[in-house]
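Asker: What follows is each chain in one-letter form.
Protein chains: 2
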Amino acid sequence: MLIEDKKQRNWQPIIKQFEAVLGKNGVIQRREELITYECDGLTSYRQRPALVLLPRTTEKVAEVVKICNQHSIPFIARGSGTGLSGGALPTEDSILIVTSLMRQILNVDLDNQRIVVQPGVINSWVTQTVSGAGFYYAPDPSSQIICSIGGNVAENSGGVHCLKYGVTTNHVLGLKIVTPEGEIINLGGQIPEMPGYDLTGIFVGSEGTLGIATEITLRILKSAESICVLLADFTSVEAAGASVSDIISAGIIPGGMEMMDNISINAVEDVVATNCYPRDATAILLVEIDGLEVEVAENKQRVADICKKNGARNITTASDPETRLKLWKGRKAAFAAAGHLSPDYYVQDGVIPRTQLPYVLQEIEALSQKYGYQIANVFHAGDGNLHPLILFDNSVHGALEKVEEVGGEILKLCVKVGGSISGEHGIGADKKCYMPDMFSAADLETMQWIRQVFNPQGLANPEKMFPTPRTCGEAANAKNMKQFEGVEKF
Amino acid sequence: MLIEDKKQRNWQPIIKQFEAVLGKNGVIQRREELITYECDGLTSYRQRPALVLLPRTTEKVAEVVKICNQHSIPFIARGSGTGLSGGALPTEDSILIVTSLMRQILNVDLDNQRIVVQPGVINSWVTQTVSGAGFYYAPDPSSQIICSIGGNVAENSGGVHCLKYGVTTNHVLGLKIVTPEGEIINLGGQIPEMPGYDLTGIFVGSEGTLGIATEITLRILKSAESICVLLADFTSVEAAGASVSDIISAGIIPGGMEMMDNISINAVEDVVATNCYPRDATAILLVEIDGLEVEVAENKQRVADICKKNGARNITTASDPETRLKLWKGRKAAFAAAGHLSPDYYVQDGVIPRTQLPYVLQEIEALSQKYGYQIANVFHAGDGNLHPLILFDNSVHGALEKVEEVGGEILKLCVKVGGSISGEHGIGADKKCYMPDMFSAADLETMQWIRQVFNPQGLANPEKMFPTPRTCGEAANAKNMKQFEGVEKF
Numbered sequence: 001m002l003i004e005d006k007k008q009r010n011w012q013p014i015i016k017q018f019e020a021v022l023g024k025n026g027v028i029q030r031r032e033e034l035i036t037y038e039c040d041g042l043t044s045y046r047q048r049p050a051l052v053l054l055p056r057t058t059e060k061v062a063e064v065v066k067i068c069n070q071h072s073i074p075f076i077a078r079g080s081g082t083g084l085s086g087g088a089l090p091t092e093d094s095i096l097i098v099t100s101l102m103r104q105i106l107n108v109d110l111d112n113q114r115i116v117v118q119p120g121v122i123n124s125w126v127t128q129t130v131s132g133a134g135f136y137y138a139p140d141p142s143s144q145i146i147c148s149i150g151g152n153v154a155e156n157s158g159g160v161h162c163l164k165y166g167v168t169t170n171h172v173l174g175l176k177i178v179t180p181e182g183e184i185i186n187l188g189g190q191i192p193e194m195p196g197y198d199l200t201g202i203f204v205g206s207e208g209t210l211g212i213a214t215e216i217t218l219r220i221l222k223s224a225e226s227i228c229v230l231l232a233d234f235t236s237v238e239a240a241g242a243s244v245s246d247i248i249s250a251g252i253i254p255g256g257m258e259m260m261d262n263i264s265i266n267a268v269e270d271v272v273a274t275n276c277y278p279r280d281a282t283a284i285l286l287v288e289i290d291g292l293e294v295e296v297a298e299n300k301q302r303v304a305d306i307c308k309k310n311g312a313r314n315i316t317t318a319s320d321p322e323t324r325l326k327l328w329k330g331r332k333a334a335f336a337a338a339g340h341l342s343p344d345y346y347v348q349d350g351v352i353p354r355t356q357l358p359y360v361l362q363e364i365e366a367l368s369q370k371y372g373y374q375i376a377n378v379f380h381a382g383d384g385n386l387h388p389l390i391l392f393d394n395s396v397h398g399a400l401e402k403v404e405e406v407g408g409e410i411l412k413l414c415v416k417v418g419g420s421i422s423g424e425h426g427i428g429a430d431k432k433c434y435m436p437d438m439f440s441a442a443d444l445e446t447m448q449w450i451r452q453v454f455n456p457q458g459l460a461n462p463e464k465m466f467p468t469p470r471t472c473g474e475a476a477n478a479k480n481m482k483q484f485e486g487v488e489k490f
Numbered sequence: 001m002l003i004e005d006k007k008q009r010n011w012q013p014i015i016k017q018f019e020a021v022l023g024k025n026g027v028i029q030r031r032e033e034l035i036t037y038e039c040d041g042l043t044s045y046r047q048r049p050a051l052v053l054l055p056r057t058t059e060k061v062a063e064v065v066k067i068c069n070q071h072s073i074p075f076i077a078r079g080s081g082t083g084l085s086g087g088a089l090p091t092e093d094s095i096l097i098v099t100s101l102m103r104q105i106l107n108v109d110l111d112n113q114r115i116v117v118q119p120g121v122i123n124s125w126v127t128q129t130v131s132g133a134g135f136y137y138a139p140d141p142s143s144q145i146i147c148s149i150g151g152n153v154a155e156n157s158g159g160v161h162c163l164k165y166g167v168t169t170n171h172v173l174g175l176k177i178v179t180p181e182g183e184i185i186n187l188g189g190q191i192p193e194m195p196g197y198d199l200t201g202i203f204v205g206s207e208g209t210l211g212i213a214t215e216i217t218l219r220i221l222k223s224a225e226s227i228c229v230l231l232a233d234f235t236s237v238e239a240a241g242a243s244v245s246d247i248i249s250a251g252i253i254p255g256g257m258e259m260m261d262n263i264s265i266n267a268v269e270d271v272v273a274t275n276c277y278p279r280d281a282t283a284i285l286l287v288e289i290d291g292l293e294v295e296v297a298e299n300k301q302r303v304a305d306i307c308k309k310n311g312a313r314n315i316t317t318a319s320d321p322e323t324r325l326k327l328w329k330g331r332k333a334a335f336a337a338a339g340h341l342s343p344d345y346y347v348q349d350g351v352i353p354r355t356q357l358p359y360v361l362q363e364i365e366a367l368s369q370k371y372g373y374q375i376a377n378v379f380h381a382g383d384g385n386l387h388p389l390i391l392f393d394n395s396v397h398g399a400l401e402k403v404e405e406v407g408g409e410i411l412k413l414c415v416k417v418g419g420s421i422s423g424e425h426g427i428g429a430d431k432k433c434y435m436p437d438m439f440s441a442a443d444l445e446t447m448q449w450i451r452q453v454f455n456p457q458g459l460a461n462p463e464k465m466f467p468t469p470r471t472c473g474e475a476a477n478a479k480n481m482k483q484f485e486g487v488e489k490f
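Residue numbers (full-length UniProt numbering), protein chains in the order written: chain A, 1 to 490; chain B, 1 to 490.
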């Protein structure tokens with residue numbers, strides 16, 4: 001196929017083609033309207049797309065993807081735009097296919113505990129739809145009242161409750177997707193175990209590089225009979241970390257187990273005044289225990305005993321929904337509160353083996369000292385998923401670059417101790433240069449070949465996830481590549 | 001590469017090459033010794049391999065795979081040879097790479113709940129290794145005292161406890177594999193969530209078509225504090241099926257939930273005389289409940305109440321290990337006992353949505369009447385994973401073909417109600433012709449492309465899993481293909 005020179009592209013006839021499929025209202029082309037779509041939750045990189053398309057059905061998605069193929073126009077799927085790794089960042093002269101009009105719940109089958117949704121459906125709507133019948137959808141990113149299921153599938157999103165219940169990939173039974181060439185195919189099915197290669201598993205977390213999910217079959221779970229939240233405060237991070245390890249070693253898998261450090265505690269008390277988090281604590285643990293009433297009662301006691309044995313000063317518990325919410329309030333507000341500590345913050349996302357927690361937190365503190373930036377730690381302690389928040393002032397020249405360097409050092413530290421460069425935010429545009437720190441050239445090349453199977457023209461979300469998405473083989477040299485080609489950097 | 005004519009192949013210099021890598025003891029070539037390797041657990045199809053190789057390390061596997069590539073010799077990995085779908089069936093003039101000398105436990109990391117093993121390690125050895133410290137490995141195929149972890153990975157094996165804890169793919173964190181071209185690469189890692197495409201997920205269940213796993217990192221779980229087994233007997237299959245649905249709907253996820261019908265009950269009582277299973281019951285349910293003591297006590301009562309409400313005649317429970325074993329004894333012996341009911345039996349493996357259980361069992365009974373073969377039903381009721389045992393006499397001319405036809409009808413029934421043609425035994429040689437009943441031509445073609453990414457020469461386990469493994473596109477016509485080309489059929 002003739003590759004049209006994007007600089008020379010005559011958009012008018014192409015826009016006419018898209019309007020014929022989606023109507024005039026389905027194609028956004030005015031410069032001022034396109035500004036909204038310049039970035040996702042990673043606001044430090046921006047690029048205006050050439051057009052934004054708003055399809056409503058699988059068939060319409062397929063038709064517009066085919067038109068993109070006809071003209072070799074790169075396209076990027078976008079849900080609510082809350083992603084934190086720049087997965088929905090446009091490339092120059094690309095098209096955003098936005099799923100915000102694809103918000104239908106297509107089928108609810110409570111007997112078989114599954115629900116079929118369009119990709120633009122908001123995460124929390126799934127639980128709202130089935131909660132009356134005593135069910136819920138487990139993966140719960142912090143952004144759950146605004147992020148979309150399509151984005152969750154692309155990024156394999158996690159959340160507080162993923163310690164016990166697994167991340168998005170553990171809850172997707174099947175998918176209807178539009179391939180990067182515009183074909184409609186089904187992956188997986190209606191039941192968890194299917195023969196053949198696990199294409200559903202490869203699609204979830206593929207960050208829009210293998211196509212666009214247009215119908216998603218999710219597993220829903222029965223709500224627990226009883227839930228209790230326990231707050232323990234510690235005078236050392238080591239003691240809190242040891243409690244996390246001991247709780248898991250005792251065979252208790254809490255619904256969630258979160259840690260916050262002193263900086264975070266004070267930030268949230270300044271902003272939302274929970275009056276529950278002791279300002280002089282070095283670290284607090286929030287442990288949610290769910291199950292049968294008798295089970296929760298017993299596990300609550302065990303968790304409390306473990307925390308006390310490790311030196312916890314105070315233990316507070318809450319079982320009624322209102323008090324539970326109060327204990328969670330600070331944790332939920334932690335990222336927003338960090339914004340009050342300094343003009344800007346950079347949130348990192350890495351994973352480490354649980355046993356390395358005390359060592360890694362020490363090393364992060366050392367990086368904070370070395371570079372002179374405060375780092376607040378708020379994270380999913382149970383599964384070792386760190387979220388260091390590096391506080392800085394973006395108006396200071398060169399500060400962002402320095403902070404990214406600190407973020408990179410933290411990721412390298414995660415890899416060094418046997419962890420990962422992303423727990424739940426994805427690689428996107430932000431972390432692709434760190435992929436060679438984590439994977440060998442052969443591993444990356446294998447992934448590139450998979451990408452080429454689905455995405456031979458490379459039009460679906462180019463320049464994401466891999467150091468060099470266009471050709472294989474080059475992956476090994478990725479560290480030296482020029483990053484964010486064609487992207488304005490603020 | 002020049003494809004040598006396999007009929008004309010001069011094996012002597014090739015054997016010398018293999019002996020240089022593995023020593024004389026690592027290469028089996030005598031005809032009488034090769035007989036053992038003619039089939040796996042699917043004994044109705046047999047084909048003698050040209051050679052059997054016994055490597056001990058990843059590097060040796062890589063070296064012999066490279067030699068296979070040099071001469072374009074197809075190769076098939078084999079663990080203990082217990083597979084039930086013919087996944088380890090040799091093709092003509094192929095080489096079996098047998099992992100029975102790769103039986104080292106390479107690393108045990110209890111703090112992070114993981115263990116690294118070679119592929120020849122027997123499933124039950126994993127639990128034995130860590131049980132002293134209070135851990136176990138969850139996937140437990142019936143063959144667990146003899147089947148190997150490598151085979152479990154290839155077939156994505158299930159077992160009684162997979163209802164609550166998931167199948168093999170949910171317990172494999174990372175893999176070292178030798179690709180079909182002899183490269184050594186790592187998939188996944190040491191922690192559950194990794195960025196990039198989920199290559200570990202695609203490899204697990206790929207039935208030896210994407211390479212050979214040589215080091216496997218498994219997740220191990222903390223043993224439950226308390227376990228109870230409950231036996232309920234029913235005068236109708238519908239009542240037992242309704243109990244299964246109601247237990248799950250009540251939010252109880254038993255460790256295992258198995259159903260046996262009247263034929264199976266009498267078969268096991270004839271053979272192992274548990275004296276626990278009432279011979280006049282139409283169906284029995286065996287429900288294993290695990291967790292904290294208080295939790296087990298409460299769930300036991302709830303399960304009993306649900307079974308009674310649905311018309312269970314008697315409920316027996318057992319909490320001490322000895323009595324529990326007694327209740328399980330009949331279920332564990334069910335396949336063997338079926339062998340006493342008739343000279344031969346054919347075990348099918350399909351999955352249906354739980355809610356379809358009564359309907360599907362009725363239809364299976366109708367097939368039994370129509371074809372005139374008794375069918376015993378023993379299965380993982382909780383996850384809808386059926387194992388109908390079709391009883392027949394293989395010495396009757398044409399009986400096997402008829403029985404395979406019945407088996408095929410059952411699979412089509414599973415697909416019709418939204419289920420799957422395999423729950424845990426894999427597709428192998430046995431079911432590849434049913435893949436087009438389950439997947440569209442486009443879905444199968446996508447899988448073929450993935451296969452070609454890993455296995456471009458098609459040497460790794462050819463003629464398995466897909467109707468036509470050699471080229472894509474042809475998959476759609478697969479139903480008409482000549483099956484088991486070059487395989488003697490007894």
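Some hints here could point you the wrong way.
With a straight-line Cα cutoff of 20 Å, these simulated EDC-like cross-link-like pairs (lysine to aspartate or glutamate) come out [what the hints assert, rightly or not]: (1) Lys300/A to Asp246/B; (2) Lys164/A to Asp443/B; (3) Lys222/B to Glu298/A; (4) Lys222/B to Asp246/A; (5) Lys222/A to Glu298/B; (6) Lys416/B to Asp344/B; (7) Lys222/A to Asp246/B; (8) Lys164/A to Glu405/B; (9) Lys309/B to Asp111/A; (10) Lys416/B to Asp443/A; (11) Lys66/B to Asp443/A; (12) Lys222/B to Asp305/A; (13) Lys222/A to Asp305/A; (14) Lys416/A to Glu293/B; (15) Lys66/A to Asp246/B; (16) Lys300/A to Asp344/B; (17) Lys300/A to Glu405/B; (18) Lys164/B to Glu269/B; (19) Lys370/B to Glu405/B; (20) Lys300/B to Glu225/A; (21) Lys300/B to Asp246/A.
In short, the hints are calculated from the structure, not lab data.
Asker: Hint by hint, note whether the structure agrees.
Answerer: These are the hints, each one checked on the structure:
no., hint, in the structure
1, Lys300/A to Asp246/B, "violated, 29 Å"
2, Lys164/A to Asp443/B, "violated, 32 Å"
3, Lys222/B to Glu298/A, "holds, 17 Å"
4, Lys222/B to Asp246/A, "holds, 12 Å"
5, Lys222/A to Glu298/B, "holds, 17 Å"
6, Lys416/B to Asp344/B, "violated, 28 Å"
7, Lys222/A to Asp246/B, "holds, 12 Å"
8, Lys164/A to Glu405/B, "violated, 43 Å"
9, Lys309/B to Asp111/A, "holds, 19 Å"
10, Lys416/B to Asp443/A, "violated, 39 Å"
11, Lys66/B to Asp443/A, "holds, 19 Å"
12, Lys222/B to Asp305/A, "holds, 19 Å"
13, Lys222/A to Asp305/A, "violated, 29 Å"
14, Lys416/A to Glu293/B, "violated, 40 Å"
15, Lys66/A to Asp246/B, "violated, 47 Å"
16, Lys300/A to Asp344/B, "violated, 54 Å"
17, Lys300/A to Glu405/B, "violated, 55 Å"
18, Lys164/B to Glu269/B, "violated, 28 Å"
19, Lys370/B to Glu405/B, "holds, 12 Å"
20, Lys300/B to Glu225/A, "holds, 16 Å"
21, Lys300/B to Asp246/A, "violated, 29 Å"
Violation of the numbered hints given earlier is confined to hints 1, 2, 6, 8, 10, 13, 14, 15, 16, 17, 18, 21; the remaining hints are satisfied by the structure.
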